[in-house]
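S.K.: Chain by chain, the residues run as shown.
2 protein chains.
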Amino acid sequence: MSGITDVAVRAGVSKSTASRALSGAGYVSPDTRERVIAAAAALGYVPSTSAVSLATGRTRNIGVIMPYANRWFFAEVLEGIQSTLLSEGFDLTLYDAKPGTVERARVFDDFLARKRFDGLIAVGLEPVHDELERLVAIGRPIVSVVGKDEETSGVAIDDVRAAQRATEHLIALGHRSIVFLGAGDPHSWAHVDRARLRGYEMSMKDAGLADAIRHVPSEVTLPGGYSSAVNLLSDASRPTGIVAVCDEVAIGAIIAARRLGITVPTALSVVGIDDHEYAEMFSLTTLEQVPREQGARAARLLLDQITHPDLPAVFERLPARLIVRNSTAAIDPTASAITASV
Amino acid sequence: MSGITDVAVRAGVSKSTASRALSGAGYVSPDTRERVIAAAAALGYVPSTSAVSLATGRTRNIGVIMPYANRWFFAEVLEGIQSTLLSEGFDLTLYDAKPGTVERARVFDDFLARKRFDGLIAVGLEPVHDELERLVAIGRPIVSVVGKDEETSGVAIDDVRAAQRATEHLIALGHRSIVFLGAGDPHSWAHVDRARLRGYEMSMKDAGLADAIRHVPSEVTLPGGYSSAVNLLSDASRPTGIVAVCDEVAIGAIIAARRLGITVPTALSVVGIDDHEYAEMFSLTTLEQVPREQGARAARLLLDQITHPDLPAVFERLPARLIVRNSTAAIDPTASAITASV
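Top to bottom, those sequences are chains A and B. Numbering follows full-length UniProt numbering, in which position 184 of the first sequence is assigned residue number 184; successive positions increment by one, without gaps. Numbering follows full-length UniProt numbering, in which position 327 of the second sequence is assigned residue number 327; successive positions increment by one, without gaps.
Where hints are given, some of them may not hold.
[To be verified] With a cut-off of at most 27 Å between alpha-carbon atoms, the simulated DSSO-like pairs for lysine-lysine come out as follows: (1) A/205 - B/98; (2) A/15 - B/98; (3) B/98 - B/115; (4) A/115 - B/205; (5) A/115 - A/98.
[What the hints assert, rightly or not] Covered by chain A, according to a simulated footprint, are these stretches of chain B (three or more residues, beta-carbon under 8 Å): (6) 119-131; (7) 276-283; (8) 315-323.
[To be verified] Interface residues of chain A toward chain B, partial, derived using beta-carbon atoms under 8 Å: (9) 75; (10) 78; (11) 93; (12) 111; (13) 209; (14) 213; (15) 216; (16) 219; (17) 258; (18) 260; (19) 261.
What the hints contain is simulated information worked out from the structure, not anything from laboratory work. From the three backbone atoms N, C-alpha and C, an ideal C-beta is built for every residue, glycine too.
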């Protein structure tokens with residue numbers, strides 16, 4: 001295997017010049033740099049990153065901390081981050097931080113403290129106790145996706161506004177009995193869910209429907225939405241409209257309705273938030289967000305901050321577009337909300 | 001911030017002894033080691049991993065290379081790897097390698113060549129051209145999950161056998177017109193899909209149904225299964241049974257059947273492979289695999305090989321259990337396969 005000495009000999013420069021040229025640390029003339037890179041390429045030489053890191057203090061690695069990698073939103077954000085970092089030549093180290101686990105404590109105690117990254121992206125992280133302070137104490141740039149702290153840089157949609165628009169869409173179609181379906185268990189009761197519930201409540205109040213506000217808890221997954229909706233829709237007091245905390249819960253509700261013989265949208269309107277990959281298949285009306293783009297933007301913001309440490313923190317609130325499909329319709333005054341119309 | 005000198009002073013040892021004690025490289029008496037660790041903990045000292053790497057040649061980092069992080073199977077495998085590495089104090093660096101992209105070439109040319117890991121786990125990687133040679137040339141232990149190369153260590157179910165059992169299940173229920181649904185486009189035509197198709201074909205032949213073999217291509221996703229099944233089931237020649245290449249395709253087929261008014265399982269039996277998180281909600285009969293466990297096992301195998309480089313390669317073929325739910329039933333000779341029975 002070729003070493004830095006071979007590269008230096010082939011390029012006709014000293015070993016330290018070759019090293020500077022390859023690490024990017026310290027001045028080397030463009031011509032020399034080019035010659036060294038050509039020599040390294042010809043010899044198949046790849047510098048030891050440990051040595052480069054010691055010399056430059058840079059790891060060319062970004063840490064991503066998220067509670068789940070196997071849920072649609074998180075997986076899409078990760079894809080967006082990954083592809084951006086890849087094109088910029090940065091590695092991505094993934095830190096798993098499920099709420100309330102011993103492993104999460106270890107991530108904060110050991111893994112993050114090693115500082116094996118030039119910056120951090122925190123996705124959907126709900127910091128507890130002293131976690132936020134510890135993230136800041138690491139002393140590396142941080143960007144959040146779906147973060148609640150607007151003091152660090154971040155990217156998110158306006159969740160309150162998205163839920164308001166979903167609710168107003170149903171109200172405009174004549175619905176009065178509208179349930180907010182989703183969230184409520186301690187494990188998934190994230191601030192984004194709270195923000196969406198608040199948006200629903202605000203729109204109901206604005207329309208004079210404060211007395212009709214009704215929140216039905218559900219696990220924030222497709223099967224969770226399904227089983228909560230089966231109970232809700234089997235009941236005589238079932239609503240004519242559902243604002244779901246996200247598309248997975250909305251789709252679960254549509255599947256539940258179909259199984260119970262309740263026709264969507266004739267007898268029941270359902271609106272979600274996300275534009276999940278399955279939304280189109282279920283003709284789901286929803287507020288669109290593009291988590292892949294959020295991930296890509298977060299990575300860009302972070303790389304900018306690493307290059308220019310004096311940049312002020314930026315929090316980007318992205319718009320969520322209403323996509324009307326076939327899961328919502330004007331209320332049919334002749335259809336009973338109690339008897340299923342098949 | 002405290003440095004190694006402070007730790008050495010506090011522990012009453014030389015700087016090099018403190019360094020050896022913390023890096024684990026070189027002999028230090030147990031007593032001394034304990035004293036140094038206590039001193040480091042008291043001072044909040046975290047060793048520079050670049051320096052430790054230079055000293056030990058170890059990164060305590062594992063590379064994971066996979067084509068997708070946002071599909072159920074891959075995301076679950078990743079979770080299994082992640083939790084095992086976390087408990088062993090290893091970092092996880094994720095390398096994205098979508099088939100046929102420029103980014104994939106860069107992963108092989110630049111990222112993997114940096115060797116920032118003690119070992120690699122390749123998940124569902126279908127190496128092309130010289131990729132396999134290049135992986136081997138990296139000179140680090142490699143374990144595959146769903147790999148086609150049994151010469152390196154790996155973990156997978158027996159895909160041929162799983163598809164055979166799925167097909168035999170339908171044949172035993174009296175079905176004769178059985179379609180294999182899924183795969184067939186160049187992007188997803190993975191060897192695992194080919195193995196499953198082969199299993200289906202073998203069982204059809206064994207049952208004297210060689211003339212009835214019928215493969216209907218579909219993208220290997222839930223919406224893909226849905227749209228292929230809509231075409232298949234709208235046709236007069238629709239089958240009474242479907243063996244789907246995986247659960248997502250199977251669930252797409254069940255949703256298509258429901259929309260077309262074809263009752264599952266009375267008029268159509270559907271069997272999948274996976275036991276996907278949505279399988280139970282759709283009462284899907286399937287062959288169970290547990291990708292999270294496959295990921296955990298792969299991580300264990302790899303860590304063993306890093307510790308004991310002379311261990312022979314091990315390929316673990318895990319059993320896939322048949323889970324009979326309500327999407328398959330004995331064929332009803334009175335039900336027409338042409339007219340939908342709602």
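S.K.: Hints numbered earlier in the text: which of these fail when held up against the supplied structure?
M.R.: Checked against the structure, the hints that fail are numbers 1, 2, 4, 6, 8, 13, 14, 15, 16, 18, 19, while the rest are satisfied.
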